[in-house]
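Assemble the whole structure, with the sequences as input and the hints as a guide.
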Amino acid sequence: MPRITVDGEIIEVPDGRTILQALDDVGLLMNGVDIPHYCWHPKLSIDGSCRLCQVEVEGIPKLQIACNTSVQEGMAIRTDTERVRKAREGVMELLLVNHPLDCPICDQAGECKLQDYAYEYGVEASRTREPRRALKKNVDLGSTIKFDQERCILCRRCVRFCSEIPGTGELRVFNRGDASVIDVHPDFPLENDYSMNVADICPVGALTTQDFRFKIRVWFLEDAPGICTGCSNGCNVHIGVANNKVYRYVPRRNDDVNDTWICDSGRMSYKQIGGGARLKEAGVRGEAGRLENTGYEAAVREAAKRLRSMIEEHGADSVVVLASAHATNEDLFTLRRLSDGLGAGADGVAVVQGKSDALLIKADKAANAAGARALGFGPAGPVLDRIRDGRAKAAIVLGHDLLDESHLGGTEALEGLDLLIVLDVQQSALHKVADVVIPVRHAAEKYGTLTNHAGRVQRVEPAVEPAWEAWSDGEVLTLMGQALGLEGFEDGYDPAKISEWMSERVSAFAGVHLRVVGDQGRPLPGERA
Amino acid sequence: MLKVPYVTGYLSEHFGDDGFGTLSGYEARGGYRGLRQALDTSPEDLIELLKSSGLQGRGGAGFSAGMKWSFMPTDSDRPKYLVCNADESEPGSFKDRILLERAPHQIVEGILIAAWATGAEKTFIYIRGEYAFPADQVDRAVAEARERGYLGAKVMGKDFAHEIVVTRGAGAYICGEETGLLESLEGKKGLPRKKPPFPAQYGAFGMPTTVNNVETFSHVPHIVCKGADWFRGFGTEKSPGTTLFGVSGQVQRPGLFELPLGTPLDEIIFEHAAGLLEDRPVKGVIPGGMSMPILPANQLDVPMANEFLRERKTMLGTGGIMVMDDTTCMVRVACVISYFFRDESCGQCTQCREGTGWMNSIVERIERGAGEQSDLDILLDVAGKMEGQTICAFSDAAAWPIQGLLRHFREDFEAHIRGKKCPFPGSFEL
Ligand SMILES: Cc1cc2nc3c(=O)[nH]c(=O)nc-3n(C[C@H](O)[C@H](O)[C@H](O)COP(=O)(O)O)c2cc1C
Ligand code: SF4
Ligand code: SF4
Ligand code: SF4
Ligand code: FES
Numbered sequence: 001m002p003r004i005t006v007d008g009e010i011i012e013v014p015d016g017r018t019i020l021q022a023l024d025d026v027g028l029l030m031n032g033v034d035i036p037h038y039c040w041h042p043k044l045s046i047d048g049s050c051r052l053c054q055v056e057v058e059g060i061p062k063l064q065i066a067c068n069t070s071v072q073e074g075m076a077i078r079t080d081t082e083r084v085r086k087a088r089e090g091v092m093e094l095l096l097v098n099h100p101l102d103c104p105i106c107d108q109a110g111e112c113k114l115q116d117y118a119y120e121y122g123v124e125a126s127r128t129r130e131p132r133r134a135l136k137k138n139v140d141l142g143s144t145i146k147f148d149q150e151r152c153i154l155c156r157r158c159v160r161f162c163s164e165i166p167g168t169g170e171l172r173v174f175n176r177g178d179a180s181v182i183d184v185h186p187d188f189p190l191e192n193d194y195s196m197n198v199a200d201i202c203p204v205g206a207l208t209t210q211d212f213r214f215k216i217r218v219w220f221l222e223d224a225p226g227i228c229t230g231c232s233n234g235c236n237v238h239i240g241v242a243n244n245k246v247y248r249y250v251p252r253r254n255d256d257v258n259d260t261w262i263c264d265s266g267r268m269s270y271k272q273i274g275g276g277a278r279l280k281e282a283g284v285r286g287e288a289g290r291l292e293n294t295g296y297e298a299a300v301r302e303a304a305k306r307l308r309s310m311i312e313e314h315g316a317d318s319v320v321v322l323a324s325a326h327a328t329n330e331d332l333f334t335l336r337r338l339s340d341g342l343g344a345g346a347d348g349v350a351v352v353q354g355k356s357d358a359l360l361i362k363a364d365k366a367a368n369a370a371g372a373r374a375l376g377f378g379p380a381g382p383v384l385d386r387i388r389d390g391r392a393k394a395a396i397v398l399g400h401d402l403l404d405e406s407h408l409g410g411t412e413a414l415e416g417l418d419l420l421i422v423l424d425v426q427q428s429a430l431h432k433v434a435d436v437v438i439p440v441r442h443a444a445e446k447y448g449t450l451t452n453h454a455g456r457v458q459r460v461e462p463a464v465e466p467a468w469e470a471w472s473d474g475e476v477l478t479l480m481g482q483a484l485g486l487e488g489f490e491d492g493y494d495p496a497k498i499s500e501w502m503s504e505r506v507s508a509f510a511g512v513h514l515r516v517v518g519d520q521g522r523p524l525p526g527e528r529a
Numbered sequence: 001m002l003k004v005p006y007v008t009g010y011l012s013e014h015f016g017d018d019g020f021g022t023l024s025g026y027e028a029r030g031g032y033r034g035l036r037q038a039l040d041t042s043p044e045d046l047i048e049l050l051k052s053s054g055l056q057g058r059g060g061a062g063f064s065a066g067m068k069w070s071f072m073p074t075d076s077d078r079p080k081y082l083v084c085n086a087d088e089s090e091p092g093s094f095k096d097r098i099l100l101e102r103a104p105h106q107i108v109e110g111i112l113i114a115a116w117a118t119g120a121e122k123t124f125i126y127i128r129g130e131y132a133f134p135a136d137q138v139d140r141a142v143a144e145a146r147e148r149g150y151l152g153a154k155v156m157g158k159d160f161a162h163e164i165v166v167t168r169g170a171g172a173y174i175c176g177e178e179t180g181l182l183e184s185l186e187g188k189k190g191l192p193r194k195k196p197p198f199p200a201q202y203g204a205f206g207m208p209t210t211v212n213n214v215e216t217f218s219h220v221p222h223i224v225c226k227g228a229d230w231f232r233g234f235g236t237e238k239s240p241g242t243t244l245f246g247v248s249g250q251v252q253r254p255g256l257f258e259l260p261l262g263t264p265l266d267e268i269i270f271e272h273a274a275g276l277l278e279d280r281p282v283k284g285v286i287p288g289g290m291s292m293p294i295l296p297a298n299q300l301d302v303p304m305a306n307e308f309l310r311e312r313k314t315m316l317g318t319g320g321i322m323v324m325d326d327t328t329c330m331v332r333v334a335c336v337i338s339y340f341f342r343d344e345s346c347g348q349c350t351q352c353r354e355g356t357g358w359m360n361s362i363v364e365r366i367e368r369g370a371g372e373q374s375d376l377d378i379l380l381d382v383a384g385k386m387e388g389q390t391i392c393a394f395s396d397a398a399a400w401p402i403q404g405l406l407r408h409f410r411e412d413f414e415a416h417i418r419g420k421k422c423p424f425p426g427s428f429e430l
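Protein chains in written order, with my numbering: chain A, 1 to 529; chain B, 1 to 430.
Rather than coming from a laboratory, the hints here were simulated on the basis of the structure. A hint or two may mislead.
[Claimed, not checked] In silico DSSO-like links for lysine-lysine, alpha-carbon gap of 27 angstroms or less: (1) A:K62 - B:K195; (2) A:K86 - B:K195; (3) B:K194 - A:K86; (4) A:K137 - A:K62.
All of these numbers come straight from a predicted model, not from anything done at the bench.
If you want it as structure tokens, here you go:
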């Protein structure tokens, strides 16, 4: 590892990297060592065009761009000299020559790198007396992204993104010189599964998502760390929250999982959190055949009571348990213990399959399919068979993925059950046939861990509180376990303790639990993820 | 009858002979002897010869040709390429065009010698798109050389293979910058590449590549035939050899003159180009193509070699000399120059993209009579910000002429600002 000196401080950095890459690798870039940059992005090819990242390198007369200068043993860099300051100021002034400076009506204000750097390194306004370029404003590049050509500083991150990450190449620089503009070819709009990432990497307000623009000023948002639940990749996200409401997901960098990207459908899945499709009321089917709201805890107790009488009548063998791949490891460890404690006839997990690609999107459309499998929940088939052939009299079902075409395709087969207990985040057709329904929390509303497709265990924590009563699945199941008098449920449900216990009891999770996974997750033993 | 340069030297002495452009005509006048001789010399010795001749690249930057050849890797089994830069688009330059038209075999011979010296297996001749006639001459010469066995699997029967591919430019000044050229050659937009990597490591199609100018290659056969000392007999100690000065502007005899480097500028203008039309006084002279800073009338004694021109804050560039008489409005000159650079900037680098446009807007405003005194400081400040900080030298090339005009002709600018109009007669289309 070469040692370089930055402003007099000796830093050990990885070999074969450029100055910006190396500082980024060791976590110091813009976090101890400030080298402002526009065109460079850690996950895109080096462009070297904005010229903002110039630094002094001892022994080289001209300033060098830090994004494209390789580190070498003994290299001495200065970022704090008058020459560097003037170079930055020069670039900033020239970038502002044609910038509309419409910050008050720009949706990027507050997270705009032009605003930030102009304030920190530059001139407040350019001395230009010339009219600014008049270009396209507010145009649709595709169905997801709005474009303001006047605000663009031509860093070409978006162009490189499209050609290098999804590989679709919709965006291009047209013309040359100061007539250069970013645009799409006629009839080839910006449409790919990752299109909205361009809004995240655009340093200014030139690219914004249709979904988020003008919803709220970003300075009202608080970022909570979260995990996307759209598929088993488990992309890391920042959950943007204001007044207990989720406004957006943006990617949270995790080089082992999603780099700095998320897919568009995952990004939009934030809408499920507060959405109208949420299950908000607990219900117990009464004499009249209707679901009645008897109160949350009462419903849980009623579920346990009916379950006990089913077991007394038909034996524990008549109970089947279906896990949800959306629940946390801790929820599912609790379910595992409940299923084992009861001696249920069969258990398994229903996972919906969908499209996948070589980048992020995985076929398992749930965040914790791998966790469920690691906790011993096999395929749903044997469980569904028992339901279909009548061996099962009672079922505990988490979520509603069993309704998918690939499993039951509807509720008909469930009508033969004497008792159907459903714990779910969302409303579904299950509620028409369930005997007890209990609303539970979304992954963005609770503590726990999720295991992604590659066996990486990642933490979730509450970003928002549901506005209705809802516990996490684990808490509901714990109360049921207690009510059924099963062992191991006496201490209640504390996700951190349960997690630790799971890591002791389940060899697949040895040593990996909520308290130790950190904000970047940790692979299960034996997994390289 | 072909028109010939008014003054000739070893490069151009046969330019008037019909048939010099053909293989037989070229060989009849001693052509391809240099190649024969080179193929009996080791590549290392050839590179040493080139180094000791002191031949500087004639494409504008004046870098030692021998040095450049020595940067080509010798320990790599990847194919190596040469590129002959025939994109000549610097306003005021037309020497390469004449070399391509009149002496294509001289270029081919120089290329083959360089190929032997550097171990290159292929050369791309990238010819400016508008140069249709010159390109046809080169095409023909290459075909003749191939037929004669000077190209192909066994050059002159030796165990040395070489091919030449002639490509036509797609019409942008920036495609003359060597890495912009490489991109264009590969079929992409002519955007100069960031360096490192340099072409000697990662050039055309990713292979080690050396780029030289048409004229640079043309000198090579002569150096091989007659030796480094002979070559050093022309020109100055630091700038040996002759070059083709192209003189344009308000002179009696515009044209091409082959003269030793170091020939005084006033000799070129008043003797060879026969002075100005109507014997008017000189106002200013651009010494080396439009990107080189202008010299005022009292500095025409300068010897035309970089070591002397640098002292006057300008450079030899491509040797394209543009002479302007006392009726010239230097603000209009600034308008023309800055418009060219605004239009031709590739637009990658912030300073160049925004600076060229800003400078052009300011000088045009001054020409319209709407300038302010502070504009001059802004012009110099912007030019300063554009210098030495970009991917390629275009940005410098755009800044220098404006700096030169303000250095020597500030009064013209101030007169526009004071009088709120252009004080020069005639109309000027902005
Ligand atoms: C903007 C720009 C335009 C250029 N145009 C040409 C050109 O048309 N022909 C040329 O030979 N060199 C041109 N050059 C110089 C080339 O980059 C390169 O230095 C040259 O071809 C090397 O050849 P030489 O070493 O034989 O001079 C240009 C450079 C710049 C910065
Ligand atoms: S739109 Fe944004 S990301 Fe794309 S080039 Fe312009 S400033 Fe950069
Ligand atoms: S790839 Fe999967 S986890 Fe990642 S953002 Fe998309 S849906 Fe979410
Ligand atoms: S200096 Fe100008 S021409 Fe050269 S790469 Fe940068 S923007 Fe393009
Ligand atoms: S970040 Fe280095 S040039 Fe843009």
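Has the given pair, K86 of chain A with K195 of chain B, been kept, meaning a C-alpha gap of at most 27 angstroms?
23 angstroms, holds
Does K195 of chain B sit within 27 angstroms of K62 of chain A, going by the straight-line distance between their CA atoms?
13 angstroms, holds
Below or equal to 27 angstroms on CA atoms is what counts here, so check K194 of chain B against K86 of chain A.
22 angstroms, holds
When you check the alpha-carbon spacing of K137 of chain A and K62 of chain A, does it fall within 27 angstroms?
Cα-Cα ~38 angstroms, so violated.
In summary, the structure is inconsistent with hint 4 from the numbered list given earlier, while agreeing with all the others.
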